[in-house]
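*Asks:* As they're listed, the protein sequences go chains D and U.
Heads up: the first sequence at position 387 corresponds to 542 in the numbering used here, and the numbers run straight through without jumps.
Heads up: the second sequence at position 51 corresponds to 206 in the numbering used here, and the numbers run straight through without jumps.
Rather than coming from a laboratory, the hints here were simulated on the basis of the structure.
For clarity, every value in this text was computed on a predicted model and none was experimentally measured.
Some clues are possibly wrong.
Treat identical chains as interchangeable: a pair holds within one or across any two.
[Claimed, not checked] List of simulated lysine to aspartate or glutamate pairs, DMTMM-like, C-alpha gap at most 25 Å:
(1) 376 - 337
(2) 436 - 525
(3) 289 - 435
(4) 342 - 625
(5) 451 - 217
(6) 282 - 435
(7) 376 - 326
Listed below are the residues making up each chain.
Number of protein chains: 2
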Amino acid sequence: MPDFAKLTAIKKPLPEELLQALQNLLEDRCSIALALREQHGSDESSYAPMLPDAVVFAQSTEEVATIVKLCHYYDVPVIPYGAGSSLEGHILALRGGISIDLSQMNKMVAVHNEDLTATVQAGVTRKQLNLEIKDTGLFFPIDPGADASIGGMAATRASGTNAVRYGTMRENVLALTVVTADGSIIKTGTRAKKSSAGYDLTRVFVGSEGTLGVITEITVKLYPLPEAISAAVCSFPTAFDAVNSVIQTIQMGVPVARVEFLDENGVRAINAYDKLSLPEKPLLLFEFHGSEHGVKEQAELVQEIAAANGAGNFEWATRPEDRSRLWTARHNAYFALLQLRPGARSISTDCCVPISRLAECIQETQLDCERHQILYSIIGHVGDGNFHVLMLIDPHDPAEVEKAEGVNSRMVTRAIAMDGTCTGEHGVGMHKMDFLIQEHGSGAIKMMRALKHAFDPTNIMNPGKIIDWEPPKE
Amino acid sequence: MPDFAKLTAIKKPLPEELLQALQNLLEDRCSIALALREQHGSDESSYAPMLPDAVVFAQSTEEVATIVKLCHYYDVPVIPYGAGSSLEGHILALRGGISIDLSQMNKMVAVHNEDLTATVQAGVTRKQLNLEIKDTGLFFPIDPGADASIGGMAATRASGTNAVRYGTMRENVLALTVVTADGSIIKTGTRAKKSSAGYDLTRVFVGSEGTLGVITEITVKLYPLPEAISAAVCSFPTAFDAVNSVIQTIQMGVPVARVEFLDENGVRAINAYDKLSLPEKPLLLFEFHGSEHGVKEQAELVQEIAAANGAGNFEWATRPEDRSRLWTARHNAYFALLQLRPGARSISTDCCVPISRLAECIQETQLDCERHQILYSIIGHVGDGNFHVLMLIDPHDPAEVEKAEGVNSRMVTRAIAMDGTCTGEHGVGMHKMDFLIQEHGSGAIKMMRALKHAFDPTNIMNPGKIIDWEPPKE
Numbered sequence: 156m157p158d159f160a161k162l163t164a165i166k167k168p169l170p171e172e173l174l175q176a177l178q179n180l181l182e183d184r185c186s187i188a189l190a191l192r193e194q195h196g197s198d199e200s201s202y203a204p205m206l207p208d209a210v211v212f213a214q215s216t217e218e219v220a221t222i223v224k225l226c227h228y229y230d231v232p233v234i235p236y237g238a239g240s241s242l243e244g245h246i247l248a249l250r251g252g253i254s255i256d257l258s259q260m261n262k263m264v265a266v267h268n269e270d271l272t273a274t275v276q277a278g279v280t281r282k283q284l285n286l287e288i289k290d291t292g293l294f295f296p297i298d299p300g301a302d303a304s305i306g307g308m309a310a311t312r313a314s315g316t317n318a319v320r321y322g323t324m325r326e327n328v329l330a331l332t333v334v335t336a337d338g339s340i341i342k343t344g345t346r347a348k349k350s351s352a353g354y355d356l357t358r359v360f361v362g363s364e365g366t367l368g369v370i371t372e373i374t375v376k377l378y379p380l381p382e383a384i385s386a387a388v389c390s391f392p393t394a395f396d397a398v399n400s401v402i403q404t405i406q407m408g409v410p411v412a413r414v415e416f417l418d419e420n421g422v423r424a425i426n427a428y429d430k431l432s433l434p435e436k437p438l439l440l441f442e443f444h445g446s447e448h449g450v451k452e453q454a455e456l457v458q459e460i461a462a463a464n465g466a467g468n469f470e471w472a473t474r475p476e477d478r479s480r481l482w483t484a485r486h487n488a489y490f491a492l493l494q495l496r497p498g499a500r501s502i503s504t505d506c507c508v509p510i511s512r513l514a515e516c517i518q519e520t521q522l523d524c525e526r527h528q529i530l531y532s533i534i535g536h537v538g539d540g541n542f543h544v545l546m547l548i549d550p551h552d553p554a555e556v557e558k559a560e561g562v563n564s565r566m567v568t569r570a571i572a573m574d575g576t577c578t579g580e581h582g583v584g585m586h587k588m589d590f591l592i593q594e595h596g597s598g599a600i601k602m603m604r605a606l607k608h609a610f611d612p613t614n615i616m617n618p619g620k621i622i623d624w625e626p627p628k629e
Numbered sequence: 156m157p158d159f160a161k162l163t164a165i166k167k168p169l170p171e172e173l174l175q176a177l178q179n180l181l182e183d184r185c186s187i188a189l190a191l192r193e194q195h196g197s198d199e200s201s202y203a204p205m206l207p208d209a210v211v212f213a214q215s216t217e218e219v220a221t222i223v224k225l226c227h228y229y230d231v232p233v234i235p236y237g238a239g240s241s242l243e244g245h246i247l248a249l250r251g252g253i254s255i256d257l258s259q260m261n262k263m264v265a266v267h268n269e270d271l272t273a274t275v276q277a278g279v280t281r282k283q284l285n286l287e288i289k290d291t292g293l294f295f296p297i298d299p300g301a302d303a304s305i306g307g308m309a310a311t312r313a314s315g316t317n318a319v320r321y322g323t324m325r326e327n328v329l330a331l332t333v334v335t336a337d338g339s340i341i342k343t344g345t346r347a348k349k350s351s352a353g354y355d356l357t358r359v360f361v362g363s364e365g366t367l368g369v370i371t372e373i374t375v376k377l378y379p380l381p382e383a384i385s386a387a388v389c390s391f392p393t394a395f396d397a398v399n400s401v402i403q404t405i406q407m408g409v410p411v412a413r414v415e416f417l418d419e420n421g422v423r424a425i426n427a428y429d430k431l432s433l434p435e436k437p438l439l440l441f442e443f444h445g446s447e448h449g450v451k452e453q454a455e456l457v458q459e460i461a462a463a464n465g466a467g468n469f470e471w472a473t474r475p476e477d478r479s480r481l482w483t484a485r486h487n488a489y490f491a492l493l494q495l496r497p498g499a500r501s502i503s504t505d506c507c508v509p510i511s512r513l514a515e516c517i518q519e520t521q522l523d524c525e526r527h528q529i530l531y532s533i534i535g536h537v538g539d540g541n542f543h544v545l546m547l548i549d550p551h552d553p554a555e556v557e558k559a560e561g562v563n564s565r566m567v568t569r570a571i572a573m574d575g576t577c578t579g580e581h582g583v584g585m586h587k588m589d590f591l592i593q594e595h596g597s598g599a600i601k602m603m604r605a606l607k608h609a610f611d612p613t614n615i616m617n618p619g620k621i622i623d624w625e626p627p628k629e
């Protein structure tokens, strides 16, 4: 855990001149109202809010540039804010400063059907993007569950259910417009599908969590809607059997579009929340994309694999509305699970391991939860080796928090020991800074710090996230 | 073009102490023999050689680290050398220094069939890698034509024929071991398929052309060998028709594994060189990967599209030996073309545009070549919007060189104006430094320079490539 006392100790009061300048520029789109600051000082993590000094609503890249220039001049922190759906404390203003809300930057900049690309402002959400392009026969596949903003998804290197087939934001962002720490505007790439033109600035900013600059526009890849889609659920005697089916599916190269795991508690929760009647056993939720025949072929192969692992029957959802119902239920799992223990908050975890180690990693993590008598559920994008443990705890009971953090810490250590990563898709934020060091080692962290120093020499960009700031050596 | 006079002017003599230290460390694996220095001071570009002061053959990451530490101490340039197949002057020692030949680092570090990953030393070539894993049922798809080293391919962000289906080195490298400019050893990632753990150091080094550090080990993704493969060639009345077929194929989302374009001259050259009898018209060379039925489906769709664009019949190569013969011919195109004009060298170009602009970009480039009476051929990985013009010129005739550079310059400018890139896969080297600025603009170049300064503060890593060094501002 970062040393919050140390970090918040260097918080300075907001210069009155800066506030005045921002109010002159943005009028009622600059606010110091407490409710707004509270909203912008908290995310979906279990952290207590840490408020920015002011919230500004930007409407263009140029406005963001002016705001950052001002903050740079007055040495005041800048925290980019998308939809507020981050999970590791990314947007908490632990040194105060200005929260730049990008939700009003919600315009489509350009859709190039003929090139399978779209350029959007950072505040466009993934659902909005798919709605805007629904008549083109194309879609944007990255789906982290929440209706996150595309800017936030880029900043977090998000992924989710479709990543097993379509990749993550790492693979699907072609170019970015970024406001750098001194308020300059840069473009990091073009709409060419591939390029060897110099350092990969796009990938430098994707996953940088607002600590290197503010992403204001994003060019993403789109994909033709598949000719056929089918989805199915299938129950297994144990989690181990379910996960082993997934491992074999991936090893055989079956191009599943999604394969999601829910444990018994997960199924029980969504049954209650979404009025479903799925068998309350470990479950896989599959989706297949392709030609009519291709989808059939994939489904047959996967059914064979599942049967060999003791699966029950596949229940098919071929009608769009049935599929949508299933996926809505999956996406609601987080909120559904919270209902299992009223008043509880969920500490959600995230790790990703090489696929062959997934069953073992999940099994050991389950045992750990049970040993510590935690009410938990494991759900995961298992086709990528990525899973989450949601632990329902009373946030006001330090003993419970400590138990849950212990499970999280051991899970991450286990994943790293298996040559996996401390976060598959949620990012580092404030919560995983120590794990980042554990995963990468001091040499790589030194290079990350060199990058941070080079791109944000005065540490105004979302300070206190990803890596501890240490002043550059002279 | 970079100002070579300025760059070579700051070349310093090799410190005798450094040479002694390297000889003590490496014995006969450190050489100052002229022939060896000449070999290591030239690549496949049309540049005259620029010799390093010494060539060393490293056998381990630790040795590379020691060599770089010594060079760092004595402020001497370090140029990593893989297979010497680069095309834009990447490995030329324009300030002298030490060429680190990595070809003896040709060991497989680990193959994890069960996770579809392999870790190799930098000197392993792509053909060697595929040979080493041939009994696993897996393959490594990235195929730039030359039997390049995996380290060099990572450093150049290479791609080639299979990229349309499997991506480039950008998408297929999971992790690197890198020796940084001060001789430290870092690991940039894990074997997890996805990660949101901090800055994407892997992608920072992929495509950095040895200017940020020496890549010594690479973990790459592998893919299950497809159940069925088929290949076909098909001729078209004009290049425009051929390229339009490709555009429509990509827009429909047909998952072709490869689709290569050769113009008349290209076909004529490979017919002569490889004793084939292909119709001497613009040609597409397709390969389909998938299930038996899937391959058939893809092929049918593509045949329909091609027919609508005036194509002749598809000639199928279903036997592995026939396919291999076709692809060998495609890979030999560069050498085959050189035979069209004995004594000539080829100036090869590289650009990549959004797919919808490809036909137009190729057509205008053809007209330009014809207007300037250049013997040329256009070949390309057209499924990605990527193509090359090979111009056969007398390298000793400045007027011819100038004409060819003019075509190249206008082609790149055209590609950039179409929101494309100055290089799809060959990299920047010394040849595209001005185009890089044209493509990215001064703001992005400033960030690239900040990155270079941060990672290589004394400019010893392959100096004079990608961006002009300017001393960091104090």
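*Asks:* When the structure is checked against the list of hints, which entries are broken? Sort them ascending.
*Replies:* Of the numbered hints, 1, 3, 5 and 6 do not hold.
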